[in-house]
Structures are given as C-alpha cells and as structure tokens.
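Spelled out from the first residue to the last, the chains are:
There are 2 protein chains.
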Amino acid sequence: MRYSTLFAKTNKNAPSDGDSANARFLVQAGFINQLMAGAYTYLPLGLRVLDRIKKIVREEMQAIGGQEILMPALTPKEVWETTGRWDSIDVLFKLEGAGGKEYALGSTHEEVVTPLVQQYVKSYKDLPVAVYQIQDKFRNEPRAKSGLLRGREFSMKDLYSFHLNEEDMRAYYEKSKQAYLNVFHRCGIDAIITEASGGVFSKYSHEFQTPTESGEDVIYVCDKCQYAQNREISEYKDGDTCSKCDGGVMRETKTIEVGNIFPLMEKFSEPFGFTVAGEDGKPVPVIMGCYGIGPSRVMGTVVEIHHDDRGMCWPKSIAPFLVHLVSLGSKDDEKREEILEKAGGLYEELHKAGVEVLWDDRAEVTAGEKFADADLIGIPLRLVLSEKTLAEGSVEWKRREEKEAHLVSLQDIIEQVEVFVKE
Amino acid sequence: MRYSTLFAKTNKNAPSDGDSANARFLVQAGFINQLMAGAYTYLPLGLRVLDRIKKIVREEMQAIGGQEILMPALTPKEVWETTGRWDSIDVLFKLEGAGGKEYALGSTHEEVVTPLVQQYVKSYKDLPVAVYQIQDKFRNEPRAKSGLLRGREFSMKDLYSFHLNEEDMRAYYEKSKQAYLNVFHRCGIDAIITEASGGVFSKYSHEFQTPTESGEDVIYVCDKCQYAQNREISEYKDGDTCSKCDGGVMRETKTIEVGNIFPLMEKFSEPFGFTVAGEDGKPVPVIMGCYGIGPSRVMGTVVEIHHDDRGMCWPKSIAPFLVHLVSLGSKDDEKREEILEKAGGLYEELHKAGVEVLWDDRAEVTAGEKFADADLIGIPLRLVLSEKTLAEGSVEWKRREEKEAHLVSLQDIIEQVEVFVKE
Numbered sequence: 001m002r003y004s005t006l007f008a009k010t011n012k013n014a015p016s017d018g019d020s021a022n023a024r025f026l027v028q029a030g031f032i033n034q035l036m037a038g039a040y041t042y043l044p045l046g047l048r049v050l051d052r053i054k055k056i057v058r059e060e061m062q063a064i065g066g067q068e069i070l071m072p073a074l075t076p077k078e079v080w081e082t083t084g085r086w087d088s089i090d091v092l093f094k095l096e097g098a099g100g101k102e103y104a105l106g107s108t109h110e111e112v113v114t115p116l117v118q119q120y121v122k123s124y125k126d127l128p129v130a131v132y133q134i135q136d137k138f139r140n141e142p143r144a145k146s147g148l149l150r151g152r153e154f155s156m157k158d159l160y161s162f163h164l165n166e167e168d169m170r171a172y173y174e175k176s177k178q179a180y181l182n183v184f185h186r187c188g189i190d191a192i193i194t195e196a197s198g199g200v201f202s203k204y205s206h207e208f209q210t211p212t213e214s215g216e217d218v219i220y221v222c223d224k225c226q227y228a229q230n231r232e233i234s235e236y237k238d239g240d241t242c243s244k245c246d247g248g249v250m251r252e253t254k255t256i257e258v259g260n261i262f263p264l265m266e267k268f269s270e271p272f273g274f275t276v277a278g279e280d281g282k283p284v285p286v287i288m289g290c291y292g293i294g295p296s297r298v299m300g301t302v303v304e305i306h307h308d309d310r311g312m313c314w315p316k317s318i319a320p321f322l323v324h325l326v327s328l329g330s331k332d333d334e335k336r337e338e339i340l341e342k343a344g345g346l347y348e349e350l351h352k353a354g355v356e357v358l359w360d361d362r363a364e365v366t367a368g369e370k371f372a373d374a375d376l377i378g379i380p381l382r383l384v385l386s387e388k389t390l391a392e393g394s395v396e397w398k399r400r401e402e403k404e405a406h407l408v409s410l411q412d413i414i415e416q417v418e419v420f421v422k423e
Numbered sequence: 001m002r003y004s005t006l007f008a009k010t011n012k013n014a015p016s017d018g019d020s021a022n023a024r025f026l027v028q029a030g031f032i033n034q035l036m037a038g039a040y041t042y043l044p045l046g047l048r049v050l051d052r053i054k055k056i057v058r059e060e061m062q063a064i065g066g067q068e069i070l071m072p073a074l075t076p077k078e079v080w081e082t083t084g085r086w087d088s089i090d091v092l093f094k095l096e097g098a099g100g101k102e103y104a105l106g107s108t109h110e111e112v113v114t115p116l117v118q119q120y121v122k123s124y125k126d127l128p129v130a131v132y133q134i135q136d137k138f139r140n141e142p143r144a145k146s147g148l149l150r151g152r153e154f155s156m157k158d159l160y161s162f163h164l165n166e167e168d169m170r171a172y173y174e175k176s177k178q179a180y181l182n183v184f185h186r187c188g189i190d191a192i193i194t195e196a197s198g199g200v201f202s203k204y205s206h207e208f209q210t211p212t213e214s215g216e217d218v219i220y221v222c223d224k225c226q227y228a229q230n231r232e233i234s235e236y237k238d239g240d241t242c243s244k245c246d247g248g249v250m251r252e253t254k255t256i257e258v259g260n261i262f263p264l265m266e267k268f269s270e271p272f273g274f275t276v277a278g279e280d281g282k283p284v285p286v287i288m289g290c291y292g293i294g295p296s297r298v299m300g301t302v303v304e305i306h307h308d309d310r311g312m313c314w315p316k317s318i319a320p321f322l323v324h325l326v327s328l329g330s331k332d333d334e335k336r337e338e339i340l341e342k343a344g345g346l347y348e349e350l351h352k353a354g355v356e357v358l359w360d361d362r363a364e365v366t367a368g369e370k371f372a373d374a375d376l377i378g379i380p381l382r383l384v385l386s387e388k389t390l391a392e393g394s395v396e397w398k399r400r401e402e403k404e405a406h407l408v409s410l411q412d413i414i415e416q417v418e419v420f421v422k423e
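Keeping their order, the protein sequence lines are chains A and Y.
According to UniProt numbering, the first sequence holds residues 1 to 423 in order.
According to UniProt numbering, the second sequence holds residues 1 to 423 in order.
In short, the hints are calculated from the structure, not lab data.
Careful, some of the hints might be misleading.
Taking lysine-lysine and the PhoX-like style, the derived pairs with C-alpha atoms no more than 20 Å apart in a straight line are [stated by the list, open to error]: (1) A:K101 <-> Y:K94; (2) Y:K388 <-> Y:K422; (3) A:K94 <-> Y:K101; (4) A:K9 <-> Y:K342; (5) A:K77 <-> Y:K94; (6) A:K145 <-> Y:K101; (7) Y:K267 <-> Y:K203; (8) A:K94 <-> Y:K342; (9) Y:K125 <-> A:K370; (10) Y:K54 <-> A:K54; (11) Y:K55 <-> A:K55; (12) Y:K267 <-> Y:K342; (13) A:K125 <-> Y:K9; (14) A:K101 <-> Y:K267; (15) A:K125 <-> Y:K370; (16) Y:K55 <-> A:K54; (17) A:K316 <-> A:K55.
Please read all numbers here as calculations on a predicted model, not as lab measurements.
Full structure from sequences and hints, please.
This is the structure we're talking about:
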C-alpha cells in the first residue's frame, strides 16, 4: 500500500477518551475514528489489525472443534423473556419496530443460540456441539470510555458448547483455556487465568486478565504459581500467602480482562426446556458452557501493553503491515527520481516475496515527519531509502523497538527481510 | 468436513416465508435458520457461501481502488438530523440509550461516512477517495419476507466515492458498473443495468436487476440492446419500440434488484459543509457517489435462479464445498469398513489437493436419503463410493445438474476432480 493514497493518515485529533493510550495512539495514527463515545470506525490500517486478530481467534476456535455461524444482532423480546433477562440485563439496548414489535440488540447470544441448537440436536448422539460467531455486540453503557476497551458497539467472538454431562463440559472447558492462552500469546500479550464469580450454577467462572497499570480490574495473583482471583470474589489481600502452592505470595495487580469463560451448566437449557434423548431414550438436560473474547478489546489491550512515548509497537502477528518503507526526498531532481525508482523496485520485490509493505512515498513531507509517523504507526520493521543510503548501495534498517538504525546492503535486503519475517 | 459432525443438517422445517424457493431450500438444507421474520442465522454451510460472496465483492471493490473500513451500526441522532433523514427514512430503527441519548441503526451510512471522510480530506490533492464496508444493515421493514431477499437485518457492501468534480465521479461511476457486473457474473447470475429514479440531484440512478419469475421488481428491457428502465420511472409499456437502438422491443420482465449505484452529487456534502481547498485555494464542494450490493440478497437470488425441484445448484465460485463425497453402507461388516476406509483415503487426498470436500460419512442413513440430501444441498460434484463401485475399483461421478451418474476409476479420480475444479 502506498501511504500517499491511503485513506486516513496520521492526525492530531484528540479523542474524547484520550486518557487511554490505545484511544490516543489508534486515533492519531489513523487506525480508528471516534463516531461518538463508545463507537469507533475502523479505518484501513485499524481494520487490518482487527481482521488479523479475528483470524487468529478463528483458527484457535476451529482447532477445538468450534463451527462458525452468524446470528442476528437484532433479537426478539420473547427469547429474553424466556430467561428473565429482558429486565435483568441493564445494558440491553431495547427498541420497538413496525407493528409494536419489541427487540433487543444482542449484548450476548445465549438466548438465541440455545433454542437454535435445540432445533438440530435431539439425541445424545448429536452431542457434543460447539458453535461460535464473530460479530458486533451492543451494550447500553452509561460510561463508555478508554477507547476500544469499553464500547457501546464492539467486536466479540462468542462460542457456546453443548454437552451430555458436566464431565464432558469440564473437559472441553479445560481445552478452551489452552485455546484462549494460544490466542493471547499469538497476539503478543500474556493472560492470567483468574477465578471470578460463577453465578447460581457454578462456583467459579474464569477470566483471562492481562496485567497493565492502565487496567481497570484488580486481581490477586500468586508470584510463584500464578494462581489468581478477581478482587470481586477474593478473600485475599496484597501480601497474603498463596493457598495453592508452597511459599507463593498473592500480589494485587491491575489488569484488563481480555476474555472470559463460563460453565453455564443448565442455566439456559432449563428455561428453554432443552433436553436430548439419552441412551435409554429418556430426556437428559443439556449442559452448556460459553466462551468470550473481544477482538476489538484485544486490539486496545495490545496497544496498552506495546507502546512507548513515540507510538505503538505492533507484534508481527497482528501488525497492519510488516515493513514500513520510507523513501526520502532530495534537492536534486535526478537523485529524487532515483530514490523513488529504487524504492518502487524494492516495494515490488518485497510484494513478490509475499511481504506486506506500507510505502511512505509522499512528496512534500520531511524526513522528520515521516520518521515520527512511522514510530506512531508502529509497524515492526522500518526501511529507509535516501540520497545517503543509495550512495552506499544500502538501506537503513530499524526495528520499531530499536533506537538506532543500521545499514543493510541493497543486495541482501530481501533475504534479510525474509529472515526477519520468519524469526 | 464430515457431515456426521456438521452442525445443522437437512431438516423438514418450514420457514414462515416458505413461499420463496430461497427461504425453503436454504432452511431445509441447513444453510440458514429463521430467528424471526426478516432475521436469519447463518449456519456453517450458509456462512461459507456468504463469506465466498463477500470475498468476491471485496476483490472487485479493491480492483477499483476501494479501501475497506468498518463503521459502527449504532449511529447518533445528530448526523441524521443534519441531513433531515431522521424523520424522512421510514424504515430507520430508532432507539434510546442511557442518559436519553438517541440512536439509529444504520440502514445506510452516508450520514457517517461523509463527516468521516471530511476529517481527513482537506485539499483537492486528497481526492478522489473511495471507501467501502461490508456490514449488517437494519431496516424496520413492515413486511419482511422472501427469505434473504427482504430482511430486517441483512448483509450489505456499501461503497462511497468522493471527487473533485462531476466528471471524475461519472468516470468512476462507469468503472463501478463493470465491477458490479463482474461480481454478479462471478457469483453465477446475470444483471441488467437499469435506469431508476435519481432523486433531486441526478436524473437517474442505476439498478442491477436479475430476471426471474420470482422477482418483485418489474423492468422494461430491450430484447436487442438490453437498455432497461424500472417500471417506476418508465414511460414504456410491454411491446414498445426501444428508443436507444434500431428495431429492439421493450419487454416487461420480473426481476430481483441485486445492486444499485447512485450519483449523489452534493446531496450529502452540502448539509455537512464538506468542501476541499481547490488548486486556487478556494473551497470546492465535494461530489459523491454511492454503490450498494447486498451479499445476503445475492445469496438468496442465486438460489432463486439456480435450483430445481430437488434442491439448490450452487455455482462453483460460491458453493460451500466443491465435492460432496457420499460413502454408502453394506450389510457385510468387512465391506462396510472397506468403503469407509477408501472414502477416508479419498477425502484426505482431495483435501491435500486443495479441494474442499463435504463427506457424508453417516452410518444408519440410507442411500436414498443421502442422495436426496446431496441434491438438496446442491454441491456441484457428487462422488459416491459403494460396495458396487468398489468391486469395480471406481467411483460414481455426478454433477449436480446431471440426472445420471457415470463411473470414474479410483486411479483417475483426483486428476478428474482437479480438471473439474479448474474448468
């Protein structure tokens, strides 16, 4: 992609929730644009990141047998009345349509997926089943804030699993934990599996909490065995001895919740009367679990974790591009042409090698501005072609996290980039 | 994919809008499930088709310079008031949130995209720009019906282009026509470019109309030069002489509208005060066009066009799988095992060759049921392994549109399938 033609470049916009690093950097780097508090447009650079996160999520959900579906966001009042949540979910957006029909915008989809699966799953032989979707969810959030971390509309992957008994659900639940850790690891963040409130049917649910000073959640986590509890349910306080290992100390830690999983048991199959015929032909209640990751929230969290005062530092796995190629100007017309030509050739060659490149080919923009933009945008590798490097037959090479650039000969550059991509 | 483990198999469900072929076949084949009138869940098979259509749309939009973004579905009242459409769009879903804030669910996105682009495009040098998104749109439709053809929530690709003058917009508008024809052609349907109402700022907009007896639109189309007008604006009647060519006759034709494009001119840039600095530094009003295709409506239309009394007939380009492999049973345990083993081997080999296969590996289902399911689902190529074919070292080969199968030797089958895929 040529930066000169990219829609939505770096800018000085100040988002209303510019208190958070993710809002400030993502907006100013031209990744997202705030339509109103809690609702953002994904611009071309931001959508590339979001799509990469979604792809990783899909791969890991498929690896544990999840089958992708897509449910409507617009849902009828009746299904929420069946479970009593029409009145109990306070962030449910409600609306009325033609003929006085009432709807809710899905803030979660148990009320849709349970009667859906019920229509196809009739016998113990049809279980287990796991289905998921990636879709925008809606929450009538009184205090939308912190950029992509707490929105009124946000991307969500929600998986639901259906089992013949609790044992089978628990086994799947454990598998999902590993899949979730894989997702976060691949996106470049750590997550601590944290016990949280389980509701009526289970003692605990589990949250995936990423430690960061900018986090709004507080957990107690053992400095030895990583056992953790959310403060909301914990009897620990900072400095307490861990009860799960020998000699560990529980530390109060600020975190962002990037995922959660919930053993639903019969919470939803009961109100919908979802049973299957067991081996003996008698009805058996279906046991459910649900599993959520917000791709947009992961994107915001990655920025909270991976930035410095100059801008964002994208992990290669979800960066919008892998290489930021910068061609500089020259007062000499002939040399300027030569730089552009060499840069164009390098751009094509990298493209052929399957490397995605953002090429800052702008005229009338100073080297200083281009470097500042590259740091803000945060693509993992910056290559610079200038009068000076060309005279030496080389390219300036700098990883985003490095302070100083070094030179690589033009002859070796493709090979070096290929090594960088694979490492 | 093994059909035995696929979520949502063929069924006898009768959708409430089962009058239309697309609703009946898509529901009964397990591609979609009706949540309520006008809102469907895409099941795994249906989502594969929808995603393939979206991919084709993306490729053609990128080919005409469209850059993908993603805007919120939840939009603030203010932007709709700016254009006066808060009150004039009767199908706008409106809702109220925390603090009395009012929102609309996007039924179209001019009110979001215009002020968005305005923030980044300041000079004549920044034009032209074309951005698009693929997203669910919402319409408070009093009479949702006809399966995927008229929904309350439906998939939409909406592209918006921004230009310095009408000439540039008109040139892009013509390019978009070809891109649209490419999309429909690649999805296996024809579309006739049809003049339709242009509103205040333009004489005509253009619709892409696919002829079919089940269509709700009526157009007059020349049987010689294909010049066409929507009945809503036309002074033609059936049998009239075409005014655009020599000797053509206008025929009244039922159609489904699968796309539309609209020269918006200054309709939206004016209320938002969207101008750019021209070459002389003076403000120039921005000229816009908009361009819509509904991927879910295309999916429904393809079924209306491509089916017979046994079920759907998917074009290869958007079929959920290319090959439907059917393994039959046997009373002889050893032979049954052998059939399963050979089928499993063939499944793996096709997979390795990059061919996507749905394998009906179910036990306890008769050959008759499996064949009926294969016809209903409508995958382009059916291969059958049975006691009889194995004895002959062969596989039964039948294209969906063929009545009779023929035998292909097991040795040649991979090569034959590869030829089929490429042709």
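Q. Within 20 Å, alpha carbon to alpha carbon, are K267 (chain Y) and K203 (chain Y)?
A. holds (13 Å)
Q: Verify the proposed pairing of K55 (chain Y) with K54 (chain A), using a straight-line Cα cut of 20 Å.
A: Holds: K55 (chain Y) and K54 (chain A) sit about 16 Å apart, inside 20 Å.
Q) K77 (chain A) and K94 (chain Y): Cα distance at most 20 Å? A) Holds, at roughly 16 Å.
Q) Given the hinted pair K125 (chain A) and K370 (chain Y), is their alpha-carbon gap at most 20 Å? A) At roughly 19 Å apart (the allowed maximum being 20 Å), K370 (chain Y) and K125 (chain A) satisfy the hint.
Q | Hint consistency between K267 (chain Y) and K342 (chain Y) [alpha-carbon to alpha-carbon, up to 20 Å] | A | Violated, because 64 Å separates the two Cα atoms, which is more than 20 Å.
Q.
Can you confirm whether the C-alpha distance between K388 (chain Y) and K422 (chain Y) stays at or below 20 Å?
A. Measuring from Cα to Cα gives roughly 29 Å; hence the hint is violated.
(Q) Need the status of pair K9 (chain A), K342 (chain Y): alpha-carbon distance at most 20 Å? (A) With a Cα-Cα distance of about 56 Å, the restraint between K9 (chain A) and K342 (chain Y) is violated, given a limit of 20 Å.
Q | Given pair status - K9 (chain Y), K125 (chain A), alpha carbons within 20 Å | A | holds (14 Å)
Q) Holds or violated: are the alpha carbons of K316 (chain A) and K55 (chain A) at most 20 Å from each other? A) The given pair, whose Cα atoms are some 14 Å apart, holds under the 20 Å limit.
(Q) Need the status of pair K125 (chain Y), K370 (chain A): alpha-carbon distance at most 20 Å? (A) holds (19 Å)
Q. Do the alpha carbons of K145 (chain A) and K101 (chain Y) lie within 20 Å of each other, as the hint requires?
A. holds (16 Å)
(Q) Need the status of pair K94 (chain A), K101 (chain Y): alpha-carbon distance at most 20 Å? (A) Distance ~13 Å between K94 (chain A) and K101 (chain Y) Cα, so the pair holds.
Hints 2, 4, 8, 12, 14, counting from the list given before, are not met by this structure.
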